[in-house]
Structures are given as C-alpha cells and as structure tokens.
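Start from the sequences, fold in the hints, and give me the full structure.
If you're matching them up, the sequences are chains A and B in order. Position one of the first sequence corresponds to residue 6 (the working numbering), numbered consecutively onward. Position one of the second sequence corresponds to residue 6 (the working numbering), numbered consecutively onward.
Mixed in with the good hints, there may be bad ones.
What the hints assert, rightly or not - Estimated spans, in silico, between C-beta atoms of each pair:
#, chain 1, residue 1, chain 2, residue 2, range
1, B, G232, A, T265, 52 to 60 Å
2, A, H141, B, E143, 20 to 28 Å
3, A, E65, B, H32, 24 to 32 Å
4, B, D26, A, E65, 19 to 27 Å
5, A, V151, B, G232, 34 to 42 Å
6, B, I69, A, S210, 51 to 59 Å
7, B, I124, A, D128, 45 to 53 Å
8, A, G103, B, N246, 27 to 35 Å
Unchecked claim - Covered by chain B, according to a simulated footprint, are these stretches of chain A (three or more residues, beta-carbon under 8 Å):
#, stretch
9, 35 to 44
10, 53 to 62
11, 81 to 89
12, 133 to 141
13, 145 to 153
14, 163 to 174
Keep in mind the hints are simulated off the structure, nothing from the lab. Please read these numbers as outputs of a predicted model, since none were measured by experiment. Note that CB positions come from ideal geometry on N, CA and C, so glycine has one too.
Protein chains: 2
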Amino acid sequence: MKNPVHKQKLYVIKIGGHVIDHSENLHQFLKAFVGLEGLKIIVHGGGKIATQIAHKLGIETNLIQGRRVTDLESLRVVTMVYAGLINKNIVAQLQAIGCNAIGLSGADSNSIQAIKRPIQEFDYGFVGDLTRQSVHLEPIDQLLKVGLVPVFSAITHDGQGQLLNTNADTIASALAVALSDHYETALIYCFDKKGVLRDIDSEKSLIPEIDAAQFKSLKAQGLIADGMIPKLQNAFEAIFNGVKVVYIGLATELDQVGHTSFGTKLIK
Amino acid sequence: MKNPVHKQKLYVIKIGGHVIDHSENLHQFLKAFVGLEGLKIIVHGGGKIATQIAHKLGIETNLIQGRRVTDLESLRVVTMVYAGLINKNIVAQLQAIGCNAIGLSGADSNSIQAIKRPIQEFDYGFVGDLTRQSVHLEPIDQLLKVGLVPVFSAITHDGQGQLLNTNADTIASALAVALSDHYETALIYCFDKKGVLRDIDSEKSLIPEIDAAQFKSLKAQGLIADGMIPKLQNAFEAIFNGVKVVYIGLATELDQVGHTSFGTKLIK
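Written out as structure tokens, the structure is:
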C-alpha cells in the first residue's frame with residue numbers, strides 16, 4: 006500500500022441489461038473484456054429476463070423509485086436468473102474464449118456481506134445495502150491470485166443464511182473501492198449509451214469528462230435524471246475513495262479503453 | 006501419491022431432492038456436514054423444484070428411462086434452479102453456520118468439462134456425460150487449499166460456451182475418483198432411505214454392506230431396481246477406482262458417519 010508502483014492493475018466492469026439481453030452485444034463485450042490487460046472482475050445485473058420470468062410465473066414486479074421491491078417470491082426469481090442463468094452463461098462463454106472465469110454471489114466465500122435494508126418510508130423487502138465493511142478482500146484476493154476472473158451476480162447475503170438482492174452498480178463501486186487498497190483499480194460502467202449525454206436522444210451530446218460540480222449543475226437543470234443519477238453517485242463514490250479511474254460508456258466499445266477515448270471519464 | 010500417510014481426508018457428499026425439498030432435513034444435514042472433520046465437498050441435484058418451476062413456465066418435463074430430456078428451455082430452468090436458487094441457498098446457509106462455502110458449476114474455474122451426450126437411440130438434448138478427463142483437479146485443489154468448501158450444482162459445460170445438465174450422482178463419483186489421487190477420499194450418497202434395502206418398504210431390511218457380486222444378484226432378483234441401479238453403479242465405479250470408502254445412507258443421519266454404523270457400506 007505504501008508503494009503504489011507495485012500495485013497491479015485491476016478492472017472492475019459492470020454490465021447491465023442491454024448487454025445481457027442481446028447475445029451479440031454480450032459476445033462482443035466479452036471479447037473486448039478478455040482483451041483488457043490486467044486483473045479483471047465483471048459485475049452483472051439482470052436485465053429484462055428476470056422480469057419476463059417473474060411475469061410468466063405470475064409474480065408481479067413492483068418498483069419504488071426505480072428500484073425493484075423484492076418480496077420472497079421475487080428474491081427466488083432474481084436468485085435463479087442472476088446467480089444461475091445469467092451468471093453461468095457468462096462464465097461458460099468466458100471459458101470458451103480462454104478466460105478462466107468463476108461465477109460468484111456475495112454469499113460465495115463470503116465475499117460480499119450486506120445488510121437488509123431497514124424498513125422506513127418503504128419496505129423494499131429482501132434488498133441488501135452495502136457498508137464500508139461489506140466487501141471482504143481476502144477471498145477475492147485469493148481467487149485473483151490464482152488467475153481466476155470473478156464474475157459477480159447482484160446477489161449478496163446477510164451472513165445469517167438470507168440471500169439479498171443488491172444493486173449491481175453499487176456492488177461494482179464497492180468492489181472497486183475495497184480493492185483499490187491492493188490494486189490500481191479502474192471502474193467501468195458499461196451500458197447502452199456512449200456515456201453521459203447532455204441530450205439523452207443524441208449520442209453527439211456526449212460529455213467526455215465530468216466532475217462533481219458539473220454533475221450537480223446538470224442534475225439541477227434536469228439534464229441528468231432517472232437511473233443515471235444513482236449510477237453517477239456510485240461512480241463519484243468510487244473516484245473519491247481511492248479508485249484510480251472511472252468511466253461510463255458503451256459496452257460494445259469497451260475495446261477502446263486504453264487506446265482512444267471511451268465514454269465519459271469522471272474527474273475528481 | 007507415493008506416501009498415502011500424508012493424504013488429507015476429503016469427503017464428497019451428494020444430496021438429492023428429498024433433502025433439498027425439505028428445509029428442516031436440509032438444515033439438519035448441513036449441520037452434520039459442517040461437523041465432519043476433514044476437507045469437504047457437496048454435490049447437489051435439484052429435487053422437485055425444477056419440475057415445479059418448469060411446469061409453471063409451461064415447459065413439459067420429458068423423462069427417458071428416468072433421465073430428464075433437456076431441451077434448451079429445460080436447460081434454462083435447471084441452470085436457474087440448480088446453479089442459482091438451490092446452490093446459493095445452500096451456500097448462504099453454510100456461511101451462516103461458519104462453513105466457508107463456495108458454489109460452483111462445472112463451468113466455474115473450468116472445474117468439470119463434459120461432453121454433450123451423442124444422439125443414438127434417444128436424443129437427451131443438453132445432457133453432459135463425464136469422461137476420465139472431465140474433472141480438473143487443479144482448480145478444485147486451489148479452492149480446497151485456501152479453506153473453501155466447494156458446493157457443486159449438477160450443471161457442467163463443454164468448454165465451448167454450452168452449459169450441460171449432468172447427473173449429480175455421476176458428478177459426485179467422478180469428483181471422488183479424481184480427487185483420490187491427492188486425498189483420502191470418502192464418497193457418501195445421502196438420500197431419503199436408511200441405505201440399500203432388501204425390501205424397499207422396510208427400513209429394517211437395510212443391507213449394511215454390499216459387494217459387486219451381491220449387487221448383481223439382488224439386481225437379478227429385482228430387489229434393486231430403478232434409480233438405485235445407476236446410483237450403485239456410480240458408487241461401485243468409485244470404490245473400484247481409488248475412493249477409500251463409499252456409503253449410501255440417510256441424509257439426516259450423516260452425523261453418525263465415523264461414530265456408529267451409517268447406511269450401506271460398499272465393499273470391493
């Protein structure tokens with residue numbers, strides 16, 4: 006920790022539904038991911054598949070302020086879809102292109118322990134919040150050290166036998182922050198846009214760099230809204246807590262990282 | 006390998022549907038499992054949950070000679086249920102009682118690579134068969150060495166991106182055989198009976214020890230039939246290929262292993 010020269014480079018890369026839901030995008034992303042030099046971790050959410058399967062099973066999906074309310078039935082669905090279907094397919098695809106991936110939930114090797122969100126104004130059900138102590142470095146370090154590439158689904162546990170649904174953006178940020186003690190960490194949020202856009206309908210309005218003051222101003226003007234707000238909050242959380250670089254950009258352009266400009270870069 | 010004195014003890018324990026489907030049985034089994042001294046691995050199947058969920062999703066379950074035919078839709082269901090729902094719940098419960106479990110499919114760290122069953126008389130679909138080369142010792146060794154307890158779901162991969170449904174009894178036997186090169190391995194099949202019974206309706210007819218000749222004779226008499234035949238074939242495969250001890254017995258009595266008699270012991 007005293008000598009940053011010796012820190013190995015580590016990428017923590019989050020992918021969301023628009024990558025996962027389209028097999029061609031996913032394949033293109035995974036190829037670019039494998040091409041990145043250094044240690045790497047993927048964090049993935051669930052996309053539309055969880056909602057579709059819940060619907061087919063007759064389970065209603067409730068959202069409060071954009072966040073899924075996770076009753077016991079919904080928890081079963083997200084555990085199946087995130088930690089099973091999506092996670093194992095990503096791992097098998099990575100193995101096929103020579104990347105020694107290992108799929109994990111936070112329960113596996115107790116890598117991420119969350120706290121069930123307390124009931125205040127709303128009851129979000131089996132949703133896990135992360136604290137500064139949630140990410141356990143040792144088990145993740147052990148896997149990285151033997152050359153494995155962890156693939157985290159957005160499922161954690163409370164240490165008492167209860168699985169919890171946890172926001173994938175938050176997991177990615179918490180992992181990047183915790184791992185920046187041991188590694189020179191880059192956090193990349195991959196999604197279906199070129200990056201942070203001034204005008205959501207125009208890719209030409211890409212903001213190449215953004216700092217906290219600009220974020221505040223764009224938010225006040227209503228130009229950054231909805232799901233982009235918590236994503237950027239997680240991203241700034243990372244850059245202000247030891248993560249070396251943070252980008253938000255297009256999943257299928259991940260191969261540009263380190264070569265040309267990629268998405269929106271966060272500035273302290 | 007030359008000096009068996011230095012081999013560490015390793016348990017490979019398979020649990021089936023009757024344990025998984027009943028939370029009290031599962032809890033009792035997991036407590037007994039954690040109490041076993043030595044390195045340990047769990048292999049689990051799926052139980053009725055996969056069939057119930059497939060039914061709810063409108064996917065028909067076809068069996069040929071007691072084996073599930075795994076079309077693409079069925080593969081999605083077993084991947085969700087085995088590698089997601091069941092696997093992560095077992096891992097979270099083990100973590101809660103102080104056991105540092107890590108859930109795996111064969112794709113994870115490329116631990117078990119199978120071959121899609123060739124189409125002959127029947128097309129079983131996405132079913133994976135194991136060969137002598139299927140179990141990769143190194144990644145499993147690495148996890149055991151850092152104190153982790155692998156929990157395998159009955160999902161493997163072909164190394165080319167395709168997940169495959171593989172019989173859990175066969176996985177347990179193949180793991181025990183492969184690991185017996187490095188460890189003094191005990192394989193235990195836990196299910197809902199006291200062991201191999203002469204009369205399936207009477208627990209008093211337990212056969213405490215069985216050798217291959219007795220198995221052949223009991224099979225010829227029709228006293229051993231159905232699912233018990235492949236289970237015993239897998240068990241004998243293990244005992245004749247380096248596994249030190251093999252038992253078949255009641256999951257909820259696992260705490261008796263090493264203390265009093267447990268189930269049916271296989272004899273070479």
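Evaluated hints:
Separation of B/G232 from A/T265 is about 59 Å and conforms to the stated range, judged on CB atoms against 52 to 60 Å. The hinted window of 20 to 28 Å between A/H141 and B/E143 holds, with their beta carbons roughly 24 Å apart. Separated by about 30 Å at the C-beta atoms, A/E65 and B/H32 satisfy the suggested range of 24 to 32 Å. For B/D26 paired with A/E65, a C-beta distance near 26 Å keeps the hint of 19 to 27 Å intact.
Take A/V151 and B/G232: their Cβ atoms lie about 38 Å apart, and the range 34 to 42 Å holds. For the hinted restraint 51 to 59 Å between B/I69 and A/S210, the CB-CB distance of approximately 58 Å keeps it satisfied. A hinted range of 45 to 53 Å holds for the C-beta pair B/I124 and A/D128, which are about 51 Å apart. Checked against the given bound of 27 to 35 Å, the beta carbons of A/G103 and B/N246, roughly 31 Å apart, stay inside it.
Coverage of the stretch 35 to 44 of chain A by chain B is violated. Counting CB-CB distances below 8 Å, 0 residues qualify, and the rule asks for three or more. Counting residues of the stretch 53 to 62 of chain A whose CB falls under 8 Å from any CB of chain B gives 3; the rule of at least 3 is met. Only when three residues or more bring their CB closer than 8 Å to a CB of chain B does the claim for the stretch 81 to 89 of chain A stand; here the count is 7, and the claim holds. Remark: the stretch 133 to 141 of chain A is not confirmed as covered by chain B, as 0 of its residues place a Cβ nearer than 8 Å to a Cβ of that chain, below the required three.
Counting residues of the stretch 145 to 153 of chain A whose CB falls under 8 Å from any CB of chain B gives 3; the rule of at least 3 is met. Here's how the stretch 163 to 174 of chain A fares: 5 of its residues keep a CB closer than 8 Å to some CB of chain B, so the rule of at least three is met and the hint holds.
The structure fails hints 9 and 12 (numbered hints given earlier, in ascending order).
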